[in-house]
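Colleague: Listed in order, the protein sequences are those of chains A and B. Take the first sequence: its letter number 131 is residue 131 in our numbering, and every next letter is one higher. Plus 186 on top of the position in the second sequence (first one is 1) and you've got our numbering.
These are calculated hints, taken from the structure and not from any lab test. Please note: incorrect hints may appear among the correct ones.
[Claimed, not checked] Taking CB as the label site, the calculated pair distances span:
#, chain 1, residue 1, chain 2, residue 2, range
1, B, 279, A, 165, 40 to 46 Å
2, B, 205, A, 95, 42 to 48 Å
3, B, 191, A, 24, 38 to 44 Å
[Said to hold, decoys possible] Computed far set for chain A versus chain B, every beta-carbon distance over 10 Å:
#, residue
4, 9
5, 13
6, 16
7, 32
8, 60
9, 64
10, 72
11, 73
12, 118
13, 123
The beta-carbon is built from N, C-alpha and C at its ideal position, and this holds for glycine as well.
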Amino acid sequence: MSNNAFNQPLDALCLKRLRKQCRRTQEQVYRLFVEAAWTLAVRLTGCEAGAWDAVQESFLRAFRQAGQLHDGSAFGFWLRRIIVNQAMDIHRMRSRESTEVPRETGSDAPDPAWLDLETAIAGLDAHGRMVLWLHDAEGMTHEEIASLVGKTVSWSKTRLSRTRARVREALSKEMNSSLRKVGNAK
Amino acid sequence: MQNDPLNLRSLPNPAPPEDLWPSIAAALDDPPRSRVRRYLPVALAASLVLAVTGLQVIDMADDQPTHATTEDSELQLARATSARLEQLLRRQRDGVLDATAVESLAWMEQELGWLDVQLADNPSETRLWRQRAELLAEMASQYERNNWQARIQLASY
């Protein structure tokens, strides 16, 4: 999955070309990270429209500010941080505008178990979704998440525990409802 | 898996849209600094003065004993200052910037993002609103300074 995809280092030459705004290198770097970036953005924003904005803006920022980066091995993690920040910005704007954004799973996978899990994740609040995904799927520690969001470690732990419980509850409701449907059909 | 009890990693990766890269490449060809616009320096300066005055009032209020009403008025003032500066920045963000200013403003934009995440959870936290207003004032001043420099540079060509 995506937890190690941001871990791919850029060599010194690649970083040098990025700093010079070489378009071919930018495209190569984009291709290297886009799948991980897209997955993360879809999971954090809960919809493809939000993911598009977050990924586009994040790559733009990363490429335009590549001069600030001194270590090519940190590029992926730097990009991930920008994406998380962008996703939170999108969440903030949505909260301000108070508009309901249609949630999409962003996947064409037909497996019902995946769909249930994706629906449950998409139905979470933005902070819960972020902590759950960053910790469980991206493999980040509570310390890293807390520092990223500007919260305490205990906030991250509590949020994760509550969010996992919510997902389990949603999955269990879904399963009970399916069982009832099967029972009624019989 | 202990760290992934819900098995999130088993979810399929959604495929990124094919037209995303062309869109990013096009945006890279059109950096914000290429959009030269005219500004209304008098209006901006006036807004800035109002904002800075507001911040000074907040700072003076620091020395006063804490009362619920003082706290409320500080919060209202910080929010109002924040809103006014945000309006000002909305216009300034389209301006001409040099590379150094872009970097420093991008950093400040990120800081603003962090503050807003915290404010989403603590909307009545006066301290956070004050920090936000101070950051916005710093950004507005940087934009304003940079816009003057840009105008002078453009005029010299």
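Colleague: Take a quick look at residue 60 of chain A and tell me if its Cβ sits farther than 10 Å from every Cβ on chain B, holds or violated.
Modeller: 6 Å, violated
Colleague: Taking the minimum C-beta separation from residue 64 of chain A to chain B, is that value above 10 Å?
Modeller: 7 Å, violated
Colleague: Go ahead and decide if the range 40 to 46 Å is satisfied by the Cβ distance of residue 279 of chain B to residue 165 of chain A.
Modeller: 41 Å, holds
Colleague: Between residue 191 of chain B and residue 24 of chain A, does the beta-carbon spacing fit 38 to 44 Å?
Modeller: 43 Å, holds
Colleague: Check the non-interface label on residue 73 of chain A: least C-beta distance to chain B beyond 10 Å or not.
Modeller: The assertion about residue 73 of chain A holds, with a minimum of 21 Å to chain B.
Colleague: Holds or violated: is the Cβ of residue 9 of chain A farther than 10 Å from all Cβ atoms of chain B?
Modeller: 21 Å, holds
Colleague: Could you let me know if the closest chain B CB is still more than 10 Å away from the CB of residue 123 of chain A?
Modeller: 14 Å, holds
Colleague: Indicate whether the distance between the beta carbons of residue 205 of chain B and residue 95 of chain A respects the range 42 to 48 Å.
Modeller: Roughly 29 Å apart at Cβ, these two residues miss the hinted range, so it is violated.
Colleague: Can we confirm that no CB of chain B comes within 10 Å of the CB of residue 13 of chain A?
Modeller: Non-interface label on residue 13 of chain A holds, nearest chain B Cβ at 20 Å vs cutoff 10 Å.
Colleague: Far enough from chain B: is every CB of that chain over 10 Å from the CB of residue 118 of chain A?
Modeller: Not fine: 6 Å to the nearest Cβ puts residue 118 of chain A too close to chain B.
Colleague: Regarding the assertion that residue 72 of chain A does not contact chain B, is the least Cβ-Cβ distance greater than 10 Å?
Modeller: About 19 Å separates residue 72 of chain A from the closest Cβ of chain B, which puts it past 10 Å; holds.
Colleague: Using Cβ atoms and 10 Å as the threshold, tell me whether residue 16 of chain A really stays out of contact range of chain B.
Modeller: 17 Å, holds
Of the hints listed earlier, those the structure fails to meet are numbers 2, 8, 9, 12, in rising order.
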